[in-house]
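Asker: Sequence:
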Amino acid sequence: MVVERPETLDFQPVLWDGLAGWTARDLEPALQAFRRSCDRLGRRADGDWLNPQAPWAGRVEDWRGACAAAAMTQPGAASARASLEAVFTPVRLLARDAETGDVREQGLLTGYYEPYVDVRRSRQGAFTQPLRRRPDDLVTVDLGRFDESLAGRRIVGEVEDGELVLYKDRAEIETSDAGEVFAWGRPVDVFFLQIQGSGRLVFADGHEERAAFAAHNGLPYRSIGRELVQRGELEAHAASKQGIEAWLSARGPEATAELFGVNPRYVFFASERLDDPSLGPRGASGVALTPMASIAVDTRVMAHGVPVWLSADLPELENWTGLVISQDSGGAINGPLRGDFFWGWGETAERRAGTTRAQAGWVVLLPHTVVARLFADTEPA
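In terms of the numbering used here, the sequence shown has 192 at position 192, counting the first letter as 1, and numbering is strictly consecutive.
Any given hint could turn out to be false.
[To be verified] Taking CB as the label site, the calculated pair distances span:
# : residue 1 : residue 2 : range
1 : L279      : V181      : 18 to 28 angstroms
2 : S79       : V229      : 41 to 51 angstroms
3 : A24       : E4        : 35 to 45 angstroms
4 : Q106      : R153      : 20 to 30 angstroms
5 : G21       : D137      : 34 to 44 angstroms
6 : G335      : T140      : 16 to 26 angstroms
7 : S176      : R273      : 25 to 35 angstroms
If you are wondering where the hints come from, they were derived from the structure by calculation, not from laboratory data. Since the model is a prediction, treat every value here as computed from it, not as a measurement. A virtual CB, placed ideally from N, CA and C, is assigned to each residue, including glycine.
Kindly produce the complete structure, drawing on both the sequences and the hints.
Answerer: Okay, structure coming up:
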């Protein structure tokens with residue numbers, strides 16, 4: 001069986017010794033992350049596509065052997081490398097312009113983290129912005145249930161007079177009673193918490209819990225950093241989280257509210273116990289994220305649970321290479337070779353995430369059966 005390749009991706013087999021840093025990098029964090037993805041995969045049927053929108057990544061049954069090998073791998077870098085090399089073939093991803101046919105080897109890599117956010121149980125002082133649970137009237141529709149060609153695609157809205165319509169935008173939500181309020185934070189903190197998608201809430205008594213992503217209102221994400229650059233308020237190199245926060249601090253509450261209104265997307269949260277502080281929040285794939293070993297991808301072209309060997313100049317880590325697992329998605333993560341690197345939590349993660357904007361090379365590790373189908377129609381060199 002030959003798998004239809006996506007118009008926006010090309011594939012190029014490479015050798016293990018062609019992966020810079022492969023023999024030197026600690027693979028254990030990514031291996032642990034992969035095992036968590038495998039645990040999730042174990043609940044699915046063999047014949048399921050890993051992702052119907054990215055059939056090139058194969059079916060669940062193709063990944064059973066790799067998952068079994070990962071589960072049995074003994075601790076130690078040499079053991080991890082040997083295990084991965086036995087079950088995977090490295091394949092370089094190339095982004096292709098569907099109109100011109102132009103190919104590029106790198107794509108934009110940004111970073112995100114899990115922030116610590118000071119909050120209160122009730123509105124008081126500077127803590128004026130609510131954190132809201134998912135509203136009862138928010139409806140998510142899996143289009144694949146109505147048309148197989150739309151498998152994996154979802155829309156969000158609310159029902160009015162028997163019809164599904166767009167949900168409220170940010171401004172409308174903030175003046176409504178949509179979603180139960182469970183905490184209050186500073187407006188800037190809550191806005192950036194919504195961009196990150198989850199965070200660790202710290203209450204006045206020292207109690208901590210997690211604000212986990214529950215849903216969004218289905219409207220498009222619009223970057224306030226890009227907006228400030230377009231207005232001439234910031235240079236592109238200064239449009240980081242830190243640069244935006246400095247601009248907001250200098251302008252005051254009215255300008256802050258106006259700028260936030262540029263982004264119509266609104267994120268709702270679920271409050272969760274922080275049972276294991278060593279694990280990150282659950283990503284869109286349903287598994288806990290691992291610092292510097294999990295990445296968010298565009299699931300219109302990429303499947304979750306796929307190991308990726310990344311190479312990029314990261315903040316404070318020039319010429320970094322390492323293994324990550326695709327375990328999350330994000331509203332701003334669109335297109336081939338587009339990734340969002342999970343840094344973890346704490347000050348270092350925040351600092352690095354806010355300044356991560358690099359061109360990254362991608363090599364995916366695919367089971368041998370997947371690679372055989374992917375190149376079944378390719379003439380030998």
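Asker: Each hint should be assessed against the structure and marked as holding or not.
Answerer: Hints, one by one, checked against the model:
| no. | hint | in the structure |
| --- | --- | --- |
| 1 | L279 x V181: 18 to 28 angstroms | 27 angstroms, holds |
| 2 | S79 x V229: 41 to 51 angstroms | 47 angstroms, holds |
| 3 | A24 x E4: 35 to 45 angstroms | 37 angstroms, holds |
| 4 | Q106 x R153: 20 to 30 angstroms | 28 angstroms, holds |
| 5 | G21 x D137: 34 to 44 angstroms | 50 angstroms, violated |
| 6 | G335 x T140: 16 to 26 angstroms | 23 angstroms, holds |
| 7 | S176 x R273: 25 to 35 angstroms | 29 angstroms, holds |
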